[in-house]
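From first to last, the protein sequence lines stand for chains X and P.
Be aware that the first sequence starts at 450, since it is given in the working numbering, and climbs by one per residue.
Be aware that the second sequence starts at 10, since it is given in the working numbering, and climbs by one per residue.
The hints are simulated quantities; they were obtained by calculation from the structure and are not laboratory data.
Pair by pair, the computed Cβ-Cβ distance ranges are:
1. P/166 - X/483: 27 to 35 Å
2. P/189 - X/500: 31 to 39 Å
3. X/541 - P/16: 49 to 57 Å
The list that follows gives simulated cross-link-like pairs (lysine-lysine, DSSO-like), each with its CA atoms no further than 27 Å apart:
4. P/177 - X/464
5. X/464 - P/76
6. P/12 - X/464
7. P/35 - X/464
Cβ atoms here follow ideal geometry from the backbone N, Cα and C, with glycine treated the same way.
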Amino acid sequence: MSHPKQTQERDAFLKTFAEELLAMPDSEILDGDDPAALRKENMTMVAKAKATAGRRRLAAGRSGFVASQSLARSAQDVSVAMARAAIETAMNDDQYTLAARSLGEMSDEDILRLYHQLERLKAKKDAPDGNQ
Amino acid sequence: MEKNLSLAEVEATLCGLSAADWKIIKIMARKYAGGLIHLSPDDLISEAYTALFTGDRVFPRDARPVKVVINAMHSEASNCREHEVDGAIDHHIDVTTLAQTMDDDDDGGLVVIPSTNVTPERDVESRQMMSAIHLLVADDQELQDLVAAWCLEIRGQEAADFLEWDIKQYEAARKRLVRRLDTIKQE
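Hey, can you work out the whole structure from these sequences and the hints?
So, in structure tokens, the structure goes:
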């Protein structure tokens, strides 16, 4: 492992080195290199990075879509009886506070809506930075 | 006007870098990538550009573009170095020998990836970069003094005054040092 002092020294040195390079005239930096070839290298790198960034954004978008789709699907697939049982379990769980209301008085639609809310709460809680 | 560049502006700005800017970026990438296992200098530039494209790193409108790229490379390299040093696996240990001593019929499921890309040069550059630089200037007292000044982030006229040199002496030493530093190249 790098010693902190060594790391600080290296960082300071490299920072100053970079500033020196930035202050040098272009002719000294290029030192006979072909500017056109260098510019072409940069353009190639820009194109490569742009494509990589696009792929990463797409992958992130897809994973978010898949996650929400799977959540929606699991919620849709549940029967009213299962939703009712899950809510009953949650009512006995200190982590959730549900309004005191008899489940028997609720319509199937209300039961499913409450179940979906509960699932979303659970998903939030299970997320790495989720709160209860 | 927005404080940071939009993605379209980022692309236009990166495409507009001069040949000298690009060469500086390459020089600094070699220094920052020194000793990293997972990022070559080209990878490091690519990661920095990508982070600017994805918006993971902002591109301040009023900053000099080449400096923004250098800062992004520094951050990417630091993150990678931390990961390699503090992670569960010490990537700097060459396990080639270990892998070779395993029995052929061992079906324990252990997969060992030989880290053959850990060359002594890369190791020296990251973990003992300053030692390597000190060695590089061991025969030149002026360059040793200049390295010491740069380690204190003193440069230019201020460094010349600090070292009690005139600016011509400083410039001559600076050119020698930059040339020598360029000899430490990433393989």
